[in-house]
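> Mind docking chain B with the ligands on chain A? Use the hints.
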Amino acid sequence: MTGTGVGEALVTLTDVSAGYGNTHVLHDINFAVREDQFTGILGPSGAGKTTMLRLLLGSLKPQSGTITRAPKLAVSYVPQLETVDWNFPITVFECVLMSRTARRILPWATPGEKADVASVLERLGIGDLAHRHIRELSGGQQQRMFLARALLRKPAMLLLDEPTSGVDFSTRHDVLHLLADLHEDGMSIVLTTHDLNGMAAHLPHLVCVNHHVVASGTPQEVITPEVLEGTFGARMEVLQHLGVPVVVDDSRAAG
Amino acid sequence: MTSILEPLQFAFFQKGLLVAALSGALLGFIGVYIVLRGMSYIGHGLSHAIFGGFAAMQLFAAELYVVGAGFWGVLSAISITAVARRSRVGADAAIGVITTASFALGVALFAKFGTSGPSFENALFGSILGISAAQIWGLVGVSLLTVAVVFLRYRVLLFTTFDPDVAQASGVRVARVEALLMIILSLAILATLTVIGVTLVAAMLVIPAVIARMLTNSFGRMLALSTGIGALCGLVGMYLSYYASVPSGTMIVLVGAAVFLVVLSITGARGLRRTAGLDSHRESVGTAR
Ligand SMILES: Nc1ncnc2c1ncn2[C@@H]1O[C@H](COP(=O)(O)OP(=O)(O)O)[C@@H](O)[C@H]1O
Ligand SMILES: [Mg+2]
Numbered sequence: 001m002t003g004t005g006v007g008e009a010l011v012t013l014t015d016v017s018a019g020y021g022n023t024h025v026l027h028d029i030n031f032a033v034r035e036d037q038f039t040g041i042l043g044p045s046g047a048g049k050t051t052m053l054r055l056l057l058g059s060l061k062p063q064s065g066t067i068t069r070a071p072k073l074a075v076s077y078v079p080q081l082e083t084v085d086w087n088f089p090i091t092v093f094e095c096v097l098m099s100r101t102a103r104r105i106l107p108w109a110t111p112g113e114k115a116d117v118a119s120v121l122e123r124l125g126i127g128d129l130a131h132r133h134i135r136e137l138s139g140g141q142q143q144r145m146f147l148a149r150a151l152l153r154k155p156a157m158l159l160l161d162e163p164t165s166g167v168d169f170s171t172r173h174d175v176l177h178l179l180a181d182l183h184e185d186g187m188s189i190v191l192t193t194h195d196l197n198g199m200a201a202h203l204p205h206l207v208c209v210n211h212h213v214v215a216s217g218t219p220q221e222v223i224t225p226e227v228l229e230g231t232f233g234a235r236m237e238v239l240q241h242l243g244v245p246v247v248v249d250d251s252r253a254a255g
Numbered sequence: 001m002t003s004i005l006e007p008l009q010f011a012f013f014q015k016g017l018l019v020a021a022l023s024g025a026l027l028g029f030i031g032v033y034i035v036l037r038g039m040s041y042i043g044h045g046l047s048h049a050i051f052g053g054f055a056a057m058q059l060f061a062a063e064l065y066v067v068g069a070g071f072w073g074v075l076s077a078i079s080i081t082a083v084a085r086r087s088r089v090g091a092d093a094a095i096g097v098i099t100t101a102s103f104a105l106g107v108a109l110f111a112k113f114g115t116s117g118p119s120f121e122n123a124l125f126g127s128i129l130g131i132s133a134a135q136i137w138g139l140v141g142v143s144l145l146t147v148a149v150v151f152l153r154y155r156v157l158l159f160t161t162f163d164p165d166v167a168q169a170s171g172v173r174v175a176r177v178e179a180l181l182m183i184i185l186s187l188a189i190l191a192t193l194t195v196i197g198v199t200l201v202a203a204m205l206v207i208p209a210v211i212a213r214m215l216t217n218s219f220g221r222m223l224a225l226s227t228g229i230g231a232l233c234g235l236v237g238m239y240l241s242y243y244a245s246v247p248s249g250t251m252i253v254l255v256g257a258a259v260f261l262v263v264l265s266i267t268g269a270r271g272l273r274r275t276a277g278l279d280s281h282r283e284s285v286g287t288a289r
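These protein sequences, in sequence, are chains A and B. Just so you know, UniProt numbering puts 49 at position 49 of the first sequence, and the rest follows in order with no gaps. Just so you know, UniProt numbering puts 15 at position 15 of the second sequence, and the rest follows in order with no gaps.
Read the hints as simulated data drawn from the structure, not as lab findings. Virtual Cβ for every residue (Gly too), placed ideally from N, Cα, C. It is possible that part of the hints are untrue.
Listed next, with one range per pair, are the computed distances between beta-carbon atoms [said to hold, decoys possible]: (1) B:276 x A:125: 26 to 36 Å; (2) A:23 x B:140: 46 to 56 Å; (3) B:224 x A:181: 34 to 44 Å; (4) B:176 x A:20: 21 to 31 Å; (5) A:115 x B:228: 27 to 37 Å.
Okay, the calculated bits of chain B under chain A, using three or more residues with CB under 8 Å as the criterion [as the list claims (entries may be wrong)]: (6) 169 to 178; (7) 208 to 219.
Next up, chain B with everything else stripped away, as it sits in the complex:
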């Protein structure tokens, strides 16, 4: 028993658990909208795009990096949606080019100016180390903001996710809601980047939401379940990463995959059927989008 509780005596580990659970919850929460809108390729692209800004700011302006990377992230979020909206054909390709270039820039900056290897690996796969108080407050702040936005925009977000055309015609400003979601998404990616890792953030946007979808047919319940599953994966994954001595993000994602398999074995084909067509790029109709 003592060995299970052993790491808990370390302050850095307590912080790590808190940040991992909150990160998992936040990504699980937002992931519902991302997955149902068929936007996870944007989550994937964004996390890579933000990495460029993250690297540049961390290496050159340590104090300002969160602000800088956040700015970079929101900027790439808005340009990605703009590209995706404007041209149907080739939008994915354009996003691919922009985001991988930004990622490559980040890698190059780390290679050229980075002090040591581990910090690079941590940025890619997540680490418990180097979680500062500022980061915790940043994560808490982004989480509160996200909850507030979803609370106040719950109906609008649901309507535009299910049926953007009719929502637009019913007086909802769809483009504005989309921009709001993208800003929230990039802030969430930024806030969870250190503990989950650039390459694994997109996975945590998808896995809890898909598992939640297998368990329920109600939107409200899917939101609650996905948040809970995300938190659980973060908590358990962080714990296991301590014992296995592997980057925290990898373990968190592996725990998510294990939960997926357990749920799959319980719900069977019925659960899987519910996920059919999930996250497929839905053809947008009309020009309002």
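Same shape as in the complex, but just chain A:
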């Protein structure tokens, strides 16, 4: 897996500041997503990770700075499960079909669309759940449903907000492998996480964020006590295990 990115830039943020109303959440962001990249945006909660994804998605406009994107870039977004309105009356099928909104105007699905939805659900291992209500799924299944919706669009860039928070260990493992496969097939992937050992350490490329970009590089380069302190504001110890950095809380140093 080579995800450090030397390909063409899909979205480029130049001196971007962003926030809500008059408050700034992100300052002076310079950052590009490249077409062969697999990037993790790492930071504590409230650091502005979701805000950064919204900038990449294009649903949030920067307060200052410029964002350029490749023409006709197809972007898909997998929301953080906690932010979804689970009480909304839709079935898994209806939800996944949403990504075909722009292509057709008739309300009902064509046989071709039905087959497409069925096959993407099948690929993600939730083929038998198409007619369940979205609330009747487990956390891992809900995650796969939004992945299915995202993949049906055949995006060049896939954004995922905390894809492994609130899902069990084996789902996390499955999701990571699936994303690695998609990346192999040429999809550019950006996800956010605050999980150092379970997630960040296994990604090819990391951007550490805490209202500004603290550091970026491979896990070996950025998972260091200095960068982690700058990102999370706490002193942590970093060990090495089979070539992967492992972070442990250094409570003695903190005390």
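The following block gives chain B with the ligands in isolation, referenced to the frame of chain A:
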């Protein structure tokens, strides 16, 4: 048996039934979007805002009042959404001030220039009387327009209702869809105002949709059920209002409430749980909205 069929021999009653059923269906249909978007306070505000225009036009330009009130309604719809979008804090308060002022203006105009008491009460609570052919055609026209818009914009409306941020990023023009919905909503309120009444239109936007939500987990089925329930409430409510001699809107809403209780007793806690969080003002995210 004859007594049940008795009112049916009157042409005005046949018209009343038709208009009530169609009004209930139309409000039930649109209500699904309004309730799921947490917008019923806008429905409430709009019906009151339109009343100002309704009163002014009815009293001063009888022929043109539908056009005038429609214009007023669409204008208030657009200004309400503009206010709601621009400032998160205080939007509700601003809407409250604008719409109640418009309502008060309508009341004042009726009091000052209105010919008789009943027409005022009819406007507030709905009446079978005074349903003109023009109004029936107006209602039919608005209903057809609504069905056409929802048919052609079904997917876009669903996507923007569920997930406006992602819809925007997927190339859907969310603001435009919202404006379209507001125009449809104000036309529907206007078309149903006389038979349901200003103060009760908002209730008929909410009740059928909530009942439908209790009965199904599918969006498509909720739309169909809510329309059917709205029509049923309109029909039965109008019938009962004839016997009870009460304003039609009140009876239609009471029938809706009765249906709600019946459905609640059948679905129990499960149905009620499905309505949790329904029509809560959802925080809009991002600035695209
Ligand atoms: N829609 C919003 N309106 C106002 N403030 C927001 C909104 N979304 C996020 N914020 C604020 O912006 C900051 C960063 O949020 P976010 O990007 O969600 O962080 P993260 O995803 O890293 O937890 C937080 O302080 C949060 O309260
Ligand atoms: Mg977040």
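> Does each hint fit the structure? Answer for all of them.
A quick look at each hint next to the structure:
1. B:276 x A:125: 26 to 36 Å: holds, 29 Å
2. A:23 x B:140: 46 to 56 Å: holds, 50 Å
3. B:224 x A:181: 34 to 44 Å: Holds, at about 40 Å.
4. B:176 x A:20: 21 to 31 Å: holds, 23 Å
5. A:115 x B:228: 27 to 37 Å: holds, 31 Å
6. 169 to 178: Since 4 is at least three, the answer is holds.
7. 208 to 219: holds (count 5)
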